Amino acid sequence: MPTRRDFLRLSALATAAGCTLGRIPSAFAAEAPFIYGVQLYMVRKEAPQDLPGILHAIRQVGFTQIELFPIVYTHPAPELRRIVADSGLGLVSAHFDYASVPTKIDYAHQLGLEYMVCPMIPKDQWNLDGFHKAADDFNTWGHSVHDAGMQFVFHNHCYEFAPQATTTDGTTTGFDELMKHTDPALVKLEFDMYWLAQAGQDPLTMLTRYANRVCLLHLKDRIANAPTGFVMGPTAKHITEMGKGTLNWPAIFAEAHKQGIRYAYLDQDDTTLPILDSLKENFAYLQTIKA
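In my numbering, the protein residues as written are 107 to 397.
The hints are simulated quantities; they were obtained by calculation from the structure and are not laboratory data.
There may be inaccurate statements among the hints.
[Claimed, not checked] Now the in silico label distances, taken between C-beta atoms and shown as ranges:
id: 1; residue 1: 379; residue 2: 278; range: 37 to 43 Å
id: 2; residue 1: 192; residue 2: 141; range: 17 to 23 Å
id: 3; residue 1: 268; residue 2: 140; range: 40 to 46 Å
id: 4; residue 1: 393; residue 2: 228; range: 37 to 43 Å
id: 5; residue 1: 340; residue 2: 230; range: 28 to 34 Å
id: 6; residue 1: 191; residue 2: 168; range: 29 to 35 Å
id: 7; residue 1: 316; residue 2: 140; range: 41 to 47 Å
id: 8; residue 1: 286; residue 2: 393; range: 37 to 43 Å
id: 9; residue 1: 230; residue 2: 209; range: 16 to 22 Å
id: 10; residue 1: 318; residue 2: 354; range: 48 to 54 Å
id: 11; residue 1: 352; residue 2: 255; range: 17 to 23 Å
id: 12; residue 1: 139; residue 2: 341; range: 33 to 39 Å
id: 13; residue 1: 381; residue 2: 329; range: 17 to 23 Å
id: 14; residue 1: 273; residue 2: 306; range: 17 to 23 Å
[To be verified] Within a straight-line C-alpha distance of at most 20 Å, the following computed EDC-like cross-link-like pairs (lysine to aspartate or glutamate) qualify:
id: 15; residue 1: 386; residue 2: 152
id: 16; residue 1: 343; residue 2: 376
id: 17; residue 1: 286; residue 2: 275
id: 18; residue 1: 151; residue 2: 308
id: 19; residue 1: 151; residue 2: 376
id: 20; residue 1: 229; residue 2: 243
id: 21; residue 1: 151; residue 2: 375
id: 22; residue 1: 239; residue 2: 289
id: 23; residue 1: 286; residue 2: 242
id: 24; residue 1: 229; residue 2: 203
id: 25; residue 1: 210; residue 2: 235
id: 26; residue 1: 239; residue 2: 282
id: 27; residue 1: 229; residue 2: 308
id: 28; residue 1: 229; residue 2: 282
id: 29; residue 1: 210; residue 2: 242
id: 30; residue 1: 396; residue 2: 375
id: 31; residue 1: 350; residue 2: 376
id: 32; residue 1: 350; residue 2: 289
id: 33; residue 1: 364; residue 2: 387
id: 34; residue 1: 229; residue 2: 242
id: 35; residue 1: 210; residue 2: 192
id: 36; residue 1: 343; residue 2: 289
id: 37; residue 1: 239; residue 2: 203
id: 38; residue 1: 286; residue 2: 243
id: 39; residue 1: 286; residue 2: 235
id: 40; residue 1: 229; residue 2: 387
If you're wondering where the values come from, they're calculated on a predicted model, not measured in any experiment.
From the three backbone atoms N, C-alpha and C, an ideal C-beta is built for every residue, glycine too.
The task is simple: from the sequences and hints, build the whole structure.
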């Protein structure tokens, strides 16, 4: 008799063309609204001081989801799940540090997550061998996360797009190697539109190219005439509220909507406005988007 492990793995392989959870068939995508949330990193200063308070404030702005960040994992999973539920926010996705992924699968399962996201590869692995190691780890973790009834997801920045080697096919990047050496059924993507643009990539083109992998979106805008690059840090942050920058949000959302992507998280790393004012301005802009 097939085990639960067999069933989940077969389900994953059978759905290699798209995300297995939280995604709707394209035939129904036109009628399904986006669900907008906030990545907790955006309120990393406020959350440790008053987590229930900042979550309630996010809900009052109008967002209906939260995506967790490791600063709140000092709470036992049932308690954290209750805090989020009491705020009126939904919870399907959370970020986990690279090294902690294999040890946090049960914690993520207790939270009731659909998506377990790794947001960053350690800096000492930003080389060809390091990306190959990450690909092997992602495949291994992807199996384990599937067996726990969730989806493993990788979140991009800009460093992955730095050239790593020259091959007979041209120059390869860390991102190319990750895509080449990971199982599309087990390793999905959370595309950060800003960081794609910062790396010199066209977000709409990338969204279309990896339609079989993208499950989640991260949102923040990019100021005009800012230099692109692959280096992380203050010099890479040309971030502003949505609608005040250069990203083509109507086209991005139209493509995401066509693909049946449901969850999009605001993740504005830094704001010049007070945080609640920035949240309100971003949410107001999102209400103008008609996919």
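Evaluation of the provided hints:
1. Checked against the hint of 37 to 43 Å, the pair residue 379 and residue 278 passes, with Cβ atoms roughly 40 Å apart.
2. Checked against the given bound of 17 to 23 Å, the beta carbons of residue 192 and residue 141, roughly 19 Å apart, stay inside it.
3. The hint said 40 to 46 Å for the Cβ distance between residue 268 and residue 140, and at roughly 31 Å that hint is violated.
4. At about 38 Å, the CB distance of residue 393 to residue 228 agrees with the hint of 37 to 43 Å.
5. Restraint check, residue 340 to residue 230: a C-beta distance of roughly 21 Å breaks the suggested window 28 to 34 Å.
6. Against the hinted window of 29 to 35 Å, the Cβ-Cβ separation of residue 191 and residue 168 comes to about 18 Å, which falls outside the hint.
7. A C-beta distance of roughly 18 Å is found between residue 316 and residue 140, which places it outside the suggested range of 41 to 47 Å.
8. The beta-carbon spacing between residue 286 and residue 393, approximately 39 Å, falls within the hinted interval of 37 to 43 Å.
9. A beta carbon spacing of about 20 Å between residue 230 and residue 209 agrees with the range 16 to 22 Å that was offered as a hint.
10. In this structure, residue 318 and residue 354 break the distance hint of 48 to 54 Å, their C-beta atoms being roughly 22 Å apart.
11. Taken as a hint, the range 17 to 23 Å is violated for the pair residue 352 and residue 255, whose Cβ atoms sit roughly 39 Å apart.
12. Taking 33 to 39 Å as the suggested C-beta distance range, the pair residue 139 and residue 341 conforms, at roughly 37 Å.
13. At roughly 19 Å, the beta carbons of residue 381 and residue 329 sit within the given window of 17 to 23 Å.
14. Between residue 273 and residue 306 the CB atoms are about 19 Å apart, so this pair conforms to the stated range of 17 to 23 Å.
15. Taking the CA atoms of residue 386 and residue 152, the gap is near 16 Å; set against the 20 Å cutoff, the hint holds.
16. For the proposed pair residue 343 and residue 376, the alpha carbon gap of about 8 Å is at most 20 Å, so the pair holds.
17. Restraint check for residue 286 and residue 275: satisfied, since their Cα atoms lie roughly 13 Å apart, inside the 20 Å limit.
18. Only pairs whose Cα atoms come within 20 Å are accepted, and residue 151 paired with residue 308 is rejected, the gap being roughly 31 Å.
19. At roughly 11 Å between alpha-carbon atoms, residue 151 and residue 376 fall within 20 Å of each other, so this suggested pair holds.
20. A threshold of 20 Å between alpha carbons decides the hint, and for residue 229 with residue 243 the separation of about 15 Å falls inside it, so the pair holds.
21. The hinted pair formed by residue 151 and residue 375 meets the criterion: a straight-line CA distance of about 11 Å does not exceed 20 Å.
22. A C-alpha spacing of about 14 Å is found between residue 239 and residue 289, which places the hinted pair at or below 20 Å, so the restraint holds.
23. Our distance criterion of 20 Å between C-alpha atoms is met by residue 286 and residue 242, whose separation comes to about 11 Å.
24. Between residue 229 and residue 203 the alpha-carbon distance is near 12 Å, which keeps this suggested pair within the 20 Å criterion.
25. At roughly 25 Å between alpha-carbon atoms, residue 210 and residue 235 are farther apart than 20 Å, so this suggested pair is violated.
26. This hinted pair checks out: residue 239 and residue 282 have alpha carbons roughly 14 Å apart, not beyond 20 Å.
27. The hinted pair formed by residue 229 and residue 308 fails the criterion: a straight-line CA distance of about 24 Å is larger than 20 Å.
28. This hinted pair checks out: residue 229 and residue 282 have alpha carbons roughly 17 Å apart, not beyond 20 Å.
29. Among the hinted pairs, residue 210 with residue 242 is consistent with the structure: their alpha-carbon atoms are about 18 Å apart, no more than 20 Å.
30. Distance check on the hinted pair: residue 396 and residue 375 sit about 25 Å apart at the alpha-carbon level, beyond 20 Å; violated.
31. About 14 Å separates the Cα atoms of residue 350 and residue 376, which keeps this hinted pair within 20 Å; it holds.
32. Annotation: proposed proximity of residue 350 to residue 289 is violated, straight-line Cα distance about 37 Å (limit 20 Å).
33. For the hint pairing residue 364 with residue 387, the CA-to-CA distance comes to about 26 Å; that exceeds 20 Å, so the pair is violated.
34. Between residue 229 and residue 242 the CA atoms are separated by roughly 17 Å; this keeps the pair inside 20 Å, and the hint holds.
35. For the hint linking residue 210 to residue 192, the alpha-carbon distance of about 23 Å lies beyond 20 Å, and the restraint is violated.
36. Between residue 343 and residue 289 the alpha-carbon distance is near 31 Å, which puts this suggested pair outside the 20 Å criterion.
37. Between residue 239 and residue 203, the direct Cα distance comes to roughly 16 Å. Compliance with the 20 Å bound is thereby established for this hinted pair.
38. Between residue 286 and residue 243 the CA atoms are separated by roughly 14 Å; this keeps the pair inside 20 Å, and the hint holds.
39. At roughly 14 Å between alpha-carbon atoms, residue 286 and residue 235 fall within 20 Å of each other, so this suggested pair holds.
40. For the proposed pair residue 229 and residue 387, the alpha carbon gap of about 33 Å is over 20 Å, so the pair is violated.
The structure fails to meet hints 3, 5, 6, 7, 10, 11, 18, 25, 27, 30, 32, 33, 35, 36, 40 from the earlier list, while all remaining hints are met.
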